[in-house]
Each structure stands twice: as C-alpha cells, then as structure tokens.
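Per the numbering used here: the sequence shown = residues 117 to 248.
Everything labelled a hint here was simulated from the structure, so no lab data went into it.
Incorrect hints may appear among the rest.
Here are the in silico distance ranges between beta carbons for each label pair [what the hints assert, rightly or not]:
1) Ser120 to Ser190: 17 to 25 Å
2) Glu233 to Glu167: 28 to 36 Å
3) Ser120 to Glu248: 28 to 36 Å
4) Leu163 to Glu243: 12 to 20 Å
5) Lys201 to Met235: 27 to 35 Å
6) Gly164 to Gly214: 16 to 24 Å
7) Val234 to Asn133: 22 to 30 Å
8) His137 to Gly227: 19 to 27 Å
9) Gln154 to Asn213: 19 to 27 Å
10) His181 to Glu237: 15 to 23 Å
11) Glu248 to Arg146: 27 to 35 Å
Simulated crosslink set (DSS-like; lysine-lysine; CA at most 27 Å straight-line) [said to hold, decoys possible]:
12) Lys149 to Lys127
13) Lys201 to Lys127
14) Lys201 to Lys149
15) Lys135 to Lys201
By construction, the Cβ of each residue, glycine as well, lies at the ideal position given by its N, Cα and C atoms.
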Amino acid sequence: MAISGECFCGKISYRVNGKLHDARSCHCSRCRKAFSSQASAYAEVALGTFEWVAGEDLLTTYESHDGFGLQFCSLCGSTLCGIYKGDIHGVTLGCVNGDPGIEIARHIFVGSKAAWEVMPEGVIEFEQGPPE
C-alpha cells in the first residue's frame, strides 16, 4: 500500500511505496521554528521508497552543514520532508494524506520544549535525543 502526501496548496505531491518507520516528535527549538509549531511530527522512509508525483520543481531546500535539511513548498511554505546528504530521509506527518499507518512512538528533546507546552501524561519522552 502506498502512502501519499501533499503540501497545503496541493501543488506538490509525493508517494511512499512502503511503510513509514521511527515516528517521533521533536521539541527542540530548531524544529519548533522549522515547523512553526510546538514540535515536529516526523517519520522515516526507507531509501528508494519515496517519489515525487507532482511539483518537484516548486521545492525549496534548506540544508545544514551536517547534511541534514528540509524541503518546503515555495508557494505555501509547507514543510514536506527531511533530507540527509541529498536523499529523502523522512516525511512530515502533517502532510500525509489519510492514515499513515504509524503512531508517534517517542518525544525527543523535551528538555528544550517551549515554556507554554504541556506534555501529555504517559508519553515516552527523552530530555535530549533517545539513547543509542
């Protein structure tokens, strides 16, 4: 079963030909800014399972010095996916159409969460990244 997703304006769309894995929510200050939210909601994809269906030419890419980055719609600003050294690493769960077939399993970097955010009881959380 393929998973599809699109940006807010609908000009960019993608398909994942496989399952998503390692879904998490990151509460660090960088993710809050990149996602304009209290945290990110993100899941990884297996290499080679992601493909752009429409609008790839409308993407804007931000890549940091360590090879990680994000790709956004240049029209509406939706953050669609994460990249690592030019390859699609994962997708933002907010842009997935329908049920992604996965739930967020952990909340990371809650030690730097926004002061106004209250974490729900019972979620798995880590002050920083998860233990290796």
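Hints, verified against the model:
{"no.": "1", "hint": "Ser120 to Ser190: 17 to 25 Å", "result": "20 Å, holds"}
{"no.": "2", "hint": "Glu233 to Glu167: 28 to 36 Å", "result": "35 Å, holds"}
{"no.": "3", "hint": "Ser120 to Glu248: 28 to 36 Å", "result": "33 Å, holds"}
{"no.": "4", "hint": "Leu163 to Glu243: 12 to 20 Å", "result": "30 Å, violated"}
{"no.": "5", "hint": "Lys201 to Met235: 27 to 35 Å", "result": "32 Å, holds"}
{"no.": "6", "hint": "Gly164 to Gly214: 16 to 24 Å", "result": "22 Å, holds"}
{"no.": "7", "hint": "Val234 to Asn133: 22 to 30 Å", "result": "38 Å, violated"}
{"no.": "8", "hint": "His137 to Gly227: 19 to 27 Å", "result": "25 Å, holds"}
{"no.": "9", "hint": "Gln154 to Asn213: 19 to 27 Å", "result": "23 Å, holds"}
{"no.": "10", "hint": "His181 to Glu237: 15 to 23 Å", "result": "38 Å, violated"}
{"no.": "11", "hint": "Glu248 to Arg146: 27 to 35 Å", "result": "20 Å, violated"}
{"no.": "12", "hint": "Lys149 to Lys127", "result": "23 Å, holds"}
{"no.": "13", "hint": "Lys201 to Lys127", "result": "25 Å, holds"}
{"no.": "14", "hint": "Lys201 to Lys149", "result": "21 Å, holds"}
{"no.": "15", "hint": "Lys135 to Lys201", "result": "22 Å, holds"}
Violated hints for the displayed structure, listed by number in ascending order: 4, 7, 10, 11.
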